[in-house]
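Asker: Below are the chains, spelled out letter by letter.
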Amino acid sequence: MTDERQTLADGLRRRDPNLLDRLIEQYQQRLYRYLVFLTGDTAVAEDLFQETWIRVLERGHQYNAKSKFESWLFAIARHLVIDLSRRKKLASLEELADPESSQPYEPADDRAASALQLLVARENEQAVQLSLLKIPPYYREVLLLRFHEELALDEIANVLSTPISTVKSRLYRGLEALKSVLPEGAA
Amino acid sequence: MTESMHTRAQRLLAQSLVEGLSANDQAWLDAHLRACANCSAEAARTQELVRSFRNVSVLVPRDLAARTQMRVRLRAQEASETSPSGMLLWVITAASWLLGVFSAPLVWRMFAWVGMRLDLPKPLLEVGFVLWWTVPALIAVAVVLYQRSTSRGARSL
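Protein chains in written order, with the numbering used here: chain A, 5 to 191; chain B, 63 to 219.
Chain A on its own, in the form it takes in the complex (with noise of 0.2 Å):
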């Protein structure tokens, strides 16, 4: 595992046109999934995506191949996703740049929820779907990493730049925000 994350190093180092092929097309559908669960919105998520990957070919020789690539590669973006939030002054991205809120959960309206919508391409996880469009997008975020990419605690801690404790808080506080959302009998 260790070699093949140096000969990735070594490959990003090397701008290695054909590794960074390779890396779009399989990791295409993660990234991808990931923006689109931080902004909510494709266009952007689109966007993010791109640049994304002009980030990996500008700065590979900074993958020490200690972590993850995927780690390494969901950081890049969600940086992306903070620095677009402070030029654009979106608030709901905003959020994610917010270390632990205190405020108190509040759902989301439901309007809010249009974009992802279109993205629903499993009728039966629909009520899931919903639910997760109206709860914050750090705990969403966090979600993610965690049932979706199955990344551990420290990876997760990691990719955000927070402690373990926050990741673990933020997992909790998630786990009761999308239950909270979740109409009766759904799931």
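Hint data in this document are derived by calculation from the structure and do not stem from the laboratory. Cβ coordinates follow ideal geometry from the N, Cα and C atoms, glycine included. All the given hints hold, so there is nothing to weed out.
Stretch-level coverage of chain A by chain B, calculated; a stretch enters the list once three of its residues show a Cβ under 8 Å from a Cβ in chain B:
id: 1; segment: 18-31
id: 2; segment: 36-44
id: 3; segment: 136-150
id: 4; segment: 171-183
We have chain A already, so just place chain B on it with the hints.
Answerer: Leaving out everything else, chain B in the frame of chain A:
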């Protein structure tokens, strides 16, 4: 069954998903779930929630990977084209700096000689001396800034 046992069961249910449980806690939770219908239903609901969450899918636009691959390749090509000229610029800068350091006394003598022949005031000579060194650098900076602005403009098209 006391209320605190149900609270503990709820806490352990969440903990099992987030951090995992010790063997003792897992055994206690399993025993409790066998005996408590409410907590067992809650456990099933939580498991289903996580399963449904895992099944949430997002459709990737069909040509997104291809578009990205092309853009990355173009960017890589641009970078390989601009990096030698960047290196060349550094080499020229270093060479001109070294030349400047070693030729400064000679240049000053030349200015003094010209000033004496043309009977120019000393402040004018000093200004001319300073411009002799700074104008090439200012031109180089202007060229670099111009190149950057044109390459950025081309990239944004």
